[in-house]
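Q: Sequence:
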Amino acid sequence: MASKSQMTGMVGVYLVAAELCKRNWIVSVTSRSAAGADLLVTDQECKKTWSVQVKTNARNTSFWLLNPNAKEIGDKSHMYIFVNLGDANKNKPDEFIVVPSDHVKKKMLVEKG
1319 MASKSQMTGM VGVYLVAAEL CKRNWIVSVT SRSAAGADLL VTDQECKKTW
1369 SVQVKTNARN TSFWLLNPNA KEIGDKSHMY IFVNLGDANK NKPDEFIVVP
1419 SDHVKKKMLV EKG
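In my numbering, each residue carries its 1-based index in the sequence shown increased by 1318.
A couple of the hints might just be wrong.
Derived lysine to any residue pairs resembling SDA-like cross-links, with alpha carbons at most 20 Å apart [what the hints assert, rightly or not]:
#, residue 1, residue 2
1, Lys-1410, Ser-1380
2, Lys-1322, Asn-1375
3, Lys-1394, Asp-1420
4, Lys-1340, Asp-1420
5, Lys-1365, Trp-1343
6, Lys-1424, Ala-1388
7, Lys-1366, Asn-1402
8, Lys-1366, Trp-1382
9, Lys-1365, Trp-1382
10, Lys-1394, Trp-1343
11, Lys-1410, Asn-1378
12, Lys-1394, Met-1426
13, Lys-1423, Asn-1387
14, Lys-1423, Glu-1390
15, Lys-1366, Glu-1337
16, Lys-1430, Asn-1385
17, Lys-1366, Leu-1403
I should point out that these hints are in silico values taken from the structure, not numbers from a laboratory.
With these hints in hand, go ahead and build the complete structure from the sequences.
A: Listed below in structure tokens is the structure:
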């Protein structure tokens, strides 16, 4: 059985895929074993492509947990989309933050503990 955090992650992946499709992007969800890419995205002409890693929080926070190898990934064609799930009962929408991987690479903090 999937854990609550795994389910939260999958909710984020499919919400992002749906939002990108609504904006006329072609989106494919990768297999769960694809390291670093949850989605493959292209424009309608297939001239521009991106890999996307989605990180999802079940509640509104200002940080997301990343794999330490994110410090090594920094490419113009790789993006992160950070998601804070909203709360329909409190009329709070989902929040999506799109960040290029080279920015994440420069700004992420690694805690050793």
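Q: Which of the numbered hints are not met once you compare them with the structure shown?
A: 4, 7, 8, 9, 17
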